[in-house]
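Using the sequences and the hints, build the whole thing.
Here's the letter readout for the chains.
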Amino acid sequence: MTTADGARSGQPRVRPRPAEDRLRRLLVMLPWLMERGSVPVAEVAERFDLTDREVATDLELVSMCGLPPYVDELIDVFIDEGMVHVGVPRLFTRSLKLNSVEAFELVAAGRAAMEMPGADPDGPLGRGLAKLEAVVESDLATTAAPDTGAVTVDLGRPALGDVVADAVRRIEWLVVTYWSASTDAVSERRIVPRQVFADRGHWYVLADDERSGERRTFRLDRIESVTRTGEFADPVDEPLPTPGEWFTDAEVERATIRLADHARWVVERYPVDEVVDHGHELTVTLPVGSHRWLERVLVRLGPHATVLAPPELVDVGRDAAARVLAVYRRGDGAGASVRS
Amino acid sequence: MADRVERLTNLLALLLETPRPLSLVEIAGELDGMYPVGLSARRGAFERDKAALREIGVPIESEIVPGGEYAGQSRYWIDRARYELDDLELDRDEMRALQVAVAATRSRAGSDSAQLGLWKLGGGAAGETSPVVATMPSSPALAPLRDAVSRRAVVRFRYRDVDREVEPYGLLLRDGFWYLVGFDRVRDDRRTYRVDRIAGEIEMGEGGSFERPRIDLREAVPTDPKLLGTQTGHVAEAVVWISASRAAAVVREVGDDRVVRRHDHGAVEVTVPCGNLDAFRSWVLGLMEYAEVLAPDEVRAEMISWLESMAGAR
Numbered sequence: 029m030t031t032a033d034g035a036r037s038g039q040p041r042v043r044p045r046p047a048e049d050r051l052r053r054l055l056v057m058l059p060w061l062m063e064r065g066s067v068p069v070a071e072v073a074e075r076f077d078l079t080d081r082e083v084a085t086d087l088e089l090v091s092m093c094g095l096p097p098y099v100d101e102l103i104d105v106f107i108d109e110g111m112v113h114v115g116v117p118r119l120f121t122r123s124l125k126l127n128s129v130e131a132f133e134l135v136a137a138g139r140a141a142m143e144m145p146g147a148d149p150d151g152p153l154g155r156g157l158a159k160l161e162a163v164v165e166s167d168l169a170t171t172a173a174p175d176t177g178a179v180t181v182d183l184g185r186p187a188l189g190d191v192v193a194d195a196v197r198r199i200e201w202l203v204v205t206y207w208s209a210s211t212d213a214v215s216e217r218r219i220v221p222r223q224v225f226a227d228r229g230h231w232y233v234l235a236d237d238e239r240s241g242e243r244r245t246f247r248l249d250r251i252e253s254v255t256r257t258g259e260f261a262d263p264v265d266e267p268l269p270t271p272g273e274w275f276t277d278a279e280v281e282r283a284t285i286r287l288a289d290h291a292r293w294v295v296e297r298y299p300v301d302e303v304v305d306h307g308h309e310l311t312v313t314l315p316v317g318s319h320r321w322l323e324r325v326l327v328r329l330g331p332h333a334t335v336l337a338p339p340e341l342v343d344v345g346r347d348a349a350a351r352v353l354a355v356y357r358r359g360d361g362a363g364a365s366v367r368s
Numbered sequence: 133m134a135d136r137v138e139r140l141t142n143l144l145a146l147l148l149e150t151p152r153p154l155s156l157v158e159i160a161g162e163l164d165g166m167y168p169v170g171l172s173a174r175r176g177a178f179e180r181d182k183a184a185l186r187e188i189g190v191p192i193e194s195e196i197v198p199g200g201e202y203a204g205q206s207r208y209w210i211d212r213a214r215y216e217l218d219d220l221e222l223d224r225d226e227m228r229a230l231q232v233a234v235a236a237t238r239s240r241a242g243s244d245s246a247q248l249g250l251w252k253l254g255g256g257a258a259g260e261t262s263p264v265v266a267t268m269p270s271s272p273a274l275a276p277l278r279d280a281v282s283r284r285a286v287v288r289f290r291y292r293d294v295d296r297e298v299e300p301y302g303l304l305l306r307d308g309f310w311y312l313v314g315f316d317r318v319r320d321d322r323r324t325y326r327v328d329r330i331a332g333e334i335e336m337g338e339g340g341s342f343e344r345p346r347i348d349l350r351e352a353v354p355t356d357p358k359l360l361g362t363q364t365g366h367v368a369e370a371v372v373w374i375s376a377s378r379a380a381a382v383v384r385e386v387g388d389d390r391v392v393r394r395h396d397h398g399a400v401e402v403t404v405p406c407g408n409l410d411a412f413r414s415w416v417l418g419l420m421e422y423a424e425v426l427a428p429d430e431v432r433a434e435m436i437s438w439l440e441s442m443a444g445a446r
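First to last, the sequence lines map onto chains A and B. Residues 29 to 368 (this note's numbering) make up the first sequence, in order. Residues 133 to 446 (this note's numbering) make up the second sequence, in order.
Fair warning: there could be bad hints in the mix.
Claimed, not checked - Chain B is faced by these chain A residues, among others (derived, beta-carbon under 10 angstroms):
no.: 1; residue: P46
no.: 2; residue: D49
no.: 3; residue: P59
no.: 4; residue: R122
no.: 5; residue: V135
no.: 6; residue: P145
no.: 7; residue: D167
no.: 8; residue: D227
no.: 9; residue: V295
no.: 10; residue: R346
no.: 11; residue: A349
To be verified - Non-contacting residues of chain B with respect to chain A, defined by C-beta distances greater than 10 angstroms in every case (computed):
no.: 12; residue: V169
no.: 13; residue: A173
no.: 14; residue: P198
no.: 15; residue: E201
no.: 16; residue: S206
no.: 17; residue: R207
no.: 18; residue: R288
no.: 19; residue: F315
no.: 20; residue: D316
no.: 21; residue: R317
no.: 22; residue: D321
no.: 23; residue: E333
no.: 24; residue: V404
no.: 25; residue: N408
Keep in mind that the hints were calculated from the coordinates and are not lab data. Built from N, CA and C at the ideal position, the CB exists for glycine as well.
Right, dumping it as structure tokens:
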């Protein structure tokens with residue numbers, strides 16, 4: 029999991045760990061250790077996303093806990109020469125039940141994965157998810173035969189999703205015809221898809237674009253056709269960007285916009301750097317991918333949004349609205365001929 | 133003062149092991165020296181620990197002694213059956229598949245609860261790379277609403293400035309938003325609510341208080357947001373001109389059967405539902421100068437006045 033402080037980025041982690049988090053981690057670590065008996069410290073650390081030192085500190089601490097007359101020592105555990113050894117299991121042999129957030133997020137993750145290109149509805153995920161939902165439901169339900177299906181995910185699988193996702197796995201060059209919103213033109217490009225992702229209601233492919241020589245993000249619904257080439261590229265060594273970094277390139281221009289209460293959906297829909305909630309309205313700062321994008325957002329928001337900064341973007345909405353209005357007023361358009 | 137993790141671990145162990153409910157005095161006695169001596173400091177520390185354990189999902193039971201020498205005293209314990217996770221009996225490939233699922237989804241809020249859940253089930257770290265990934269919008273309302281669906285508990289919340297009383301049927305993620313589908317008791321009708329627009333706290337009633345119909349949520353919520361909130365049977369439609377450059381994409385989106393006219397140079401006219409005017413306006417304006425509403429007149433007039441309010445009337 030990605031954390032706000034970038035804990036996974038490889039550098040040594042120095043992070044404060046609240047007592048609740050340490051206990052939470054211990055309660056999942058202990059049942060697993062007891063089943064295994066002896067495990068290298070490094071393996072424990074990797075599995076539970078901790079440093080070796082954190083593993084040692086927490087296990088040493090818990091080995092000192094004790095409650096006579098109930099138990100002399102809670103956990104018979106010691107570390108010797110890089111190995112964790114667990115003796116007789118006493119307490120914490122079973123995991124704590126899922127809390128409601130964990131249950132929700134696991135079920136939602138499973139349901140979403142079932143919707144992804146290439147997913148097999150009758151495969152192990154479907155079976156595992158059914159077992160998970162049955163347990164989660166029976167913990168809450170008031171009837172003997174609980175009903176599942178409380179959570180449904182519809183990611184709107186795009187028509188070309190499967191073929192592009194396949195190309196990611198094969199690392200295959202594709203030739204695509206793509207409509208670009210910023211230029212309103214359809215062009216043919218050669219790309220190597222690296223990752224397919226769904227975000228905020230749209231599917232995208234992150235791909236190496238031959239023409240620009242850069243890694244670009246393309247919306248799948250704007251790809252009009254795909255041709256496989258049978259040519260293959262090399263795998264990438266550097267990690268792919270994590271979600272949230274997809275659009276939030278630091279070099280992208282930012283705009284600060286005042287949004288009426290009615291326009292709160294913007295915060296849900298687009299990546300934002302900062303939100304100040306004034307109750308009846310919001311001030312947000314967000315990356316502006318392109319002028320065309322900003323124009324579309326502003327025209328759709330109409331009176332519910334005002335660009336505050338930078339100055340060169342203040343009139344973008346007004347100018348765009350005037351341009352659309354001109355279509356309605358041109359008189360020679362298709363509209364006039366139909367209405368007459 | 134003992135390390136907080138040590139104290140929490142000992143408290144958890146004590147409440148799990150005790151053969152009978154324990155008062156705070158007894159707990160402090162058993163955890164010798166771990167709690168402050170002063171009465172109010174001790175109570176404060178204990179309440180914080182209790183909240184921390186509940187926060188991570190530990191069900192702490194309590195009772196108040198009804199009579200006798202200790203009448204009114206609170207006593208605590210943990211019911212092992214409510215604490216321990218049932219064995220899901222996941223096969224190795226099923227566990228692996230759940231791990232892959234967690235790796236392929238990201239909570240937009242950066243929550244790691246799915247990973248913590250995996251660990252509880254006995255799975256490992258989900259890892260970071262997946263060829264296909266989806267970000268999941270999150271909201272603190274989702275988990276309690278899901279619980280309410282399973283418990284069949286009526287929920288009360290504020291939505292669009294109106295207090296609602298809803299029998300929750302299920303949660304649907306579509307088009308980047310979570311929706312709650314349920315039966316609105318005040319309006320006496322099935323309704324759909326955007327979860328991120330639910331304002332403030334959600335109040336939950338008693339479990340088992342309604343019958344949950346077996347419905348397919350995908351069917352219950354129209355795929356086209358332009359149809360949301362419209363009455364079934366009466367579908368208002370608009371005729372929209374689409375420029376040649378966007379015609380192919382729009383026809384792919386709305387379907388061939390909605391094309392009412394094809395112009396010589398590739399432009400088309402399509403019919404589109406406009407019952408939900410907000411969603412309709414948003415859709416048409418998303419096409420910018422490549423779309424023009426032709427009919428009906430009142431919808432066209434509405435578009436013009438919207439644009440004039442932005443551009444400044446001339």
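Inset, instruction - Taking the shortest Cβ-to-Cβ distance between R207 of chain B and chain A, state whether it exceeds 10 angstroms. - result: 17 angstroms, holds
Legend entry - Interface hint outcome for D227 of chain A [beta carbon to chain B under 10 angstroms]: 5 angstroms, holds
Legend entry - chain A versus D321 of chain B - minimum CB to CB distance exceeding 10 angstroms, so not interface: Holds, because the least Cβ-Cβ distance between D321 of chain B and chain A comes to about 21 angstroms, which exceeds 10 angstroms.
Legend entry - When the least beta-carbon distance from V295 of chain A to chain B is tested against 10 angstroms, hint result: Since chain B brings a Cβ to about 9 angstroms from V295 of chain A, closer than 10 angstroms, the hint holds.
Inset, instruction - Take a quick look at R288 of chain B and tell me if its Cβ sits farther than 10 angstroms from every Cβ on chain A, holds or violated. - result: 18 angstroms, holds
Legend entry - Restraint outcome when V135 of chain A is required to lie within 10 angstroms of chain B by C-beta distance: Status holds, d = 8 angstroms.
Inset, instruction - Identify whether the interface hint at D167 of chain A stands, where standing means a beta carbon of chain B within less than 10 angstroms of its own. - result: The hint holds - D167 of chain A has a Cβ within 10 angstroms of chain B, the shortest such distance being about 8 angstroms.
Legend entry - Given as non-interface: A173 of chain B, which should sit over 10 angstroms from chain A by C-beta: Nearest chain A Cβ is 17 angstroms from A173 of chain B, so the label holds.
Legend entry - Claimed clearance of chain A by D316 of chain B, with the beta carbon kept past 10 angstroms: 18 angstroms, holds
Legend entry - Least C-beta distance from F315 of chain B to chain A larger than 10 angstroms: 15 angstroms, holds
Inset, instruction - Please confirm whether E201 of chain B is truly not at the interface, meaning its C-beta sits more than 10 angstroms away from all C-beta atoms of chain A. - result: At roughly 24 angstroms from the nearest Cβ of chain A, E201 of chain B sits farther out than 10 angstroms, so the non-interface label holds.
Legend entry - Closest C-beta approach of R346 of chain A to chain B relative to 10 angstroms, hint status: With a closest approach of 6 angstroms, the R346 of chain A hint holds.
No hint from the list above goes unmet by this structure.
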